[in-house]
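Student: One-letter residues, chain by chain:
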Amino acid sequence: EPEVTQTPSHQVTQMGQEVILRCVPISNHLYFYWYRQILGQKVEFLVSFYNNEISEKSEIFDDQFSVERPDGSNFTLKIRSTKLEDSAMYFCASGRGLNTEAFFGQGTRLTVV
Amino acid sequence: GESVGLHLPTLSVQEGDNSIINCAYSNSASDYFIWYKQESGKGPQFIIDIRSNMDKRQGQRVTVLLNKTVKHLSLQIAATQPGDSAVYFCAEGGYGNKLVFGAGTILRVKS
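Chains as they are written, first to last, in the numbering used here: chain A, 14 to 126; chain B, 5 to 115.
Next comes chain A alone, as it looks inside the complex:
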């Protein structure tokens, strides 16, 4: 069964450093998403991506964040200068279309120290 894969599973970084979280969405999906989940809290939307551009983003997704689909299979989230409050689980998801089920990866746990 096809699945969304994310790497790494755990990333520890020092405050102020740049991190890139990587995702391989399901191959025939057209919509790609990043969500995050701070420990013990609900899943929060960050950004959606369609047709090689951002289609929607939340208030969390400020200038420190960027996304890229560098080739036909990868989808990345970059945080330019990490802050302590960026520590969370980051989930990549993909879907076939608008308002259809989004399939989530297993997440990358980002710890900023």
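Careful: at least some of the hints might be erroneous.
In silico lysine-lysine, BS3-like type, Cα no more than 25 Å apart, as pairs [stated by the list, open to error]:
hint : chain 1 : residue 1 : chain 2 : residue 2
1    : A       : K96       : B       : K46
2    : B       : K75       : A       : K55
3    : A       : K55       : B       : K46
4    : B       : K72       : A       : K55
No lab work stands behind these hints, which were simulated from the structure alone. None of the values given here were measured: they were computed from a predicted structure.
Put chain B on the given structure of chain A with help from the hints.
Tutor: Structure of chain B alone, referenced to chain A:
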């Protein structure tokens, strides 16, 4: 602002009993709803979805009910098993390209 929330943060049920997890939503314009299951250390796993033109949808051992009059969504799990223990999130669509998640309900299944 609009939000999706859950009535019960923790639900404990005996193995074999039926479980009902509830969710309230506030945006009457939402037209798509999903239930996700999240086990410890894993990503949300799709369970079942429903569109606003329906009031009930059944899957394998799960049923989702939608009451648009009172903006209420529920997930029923029949014959709950230990493997059903997880956090359950409802999520609301219709905001374009994003899902708005509720706070989550912990389901604990006692053997």
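Student: Hint by hint, work out which the structure violates, then give me just those numbers in ascending order.
Tutor: none
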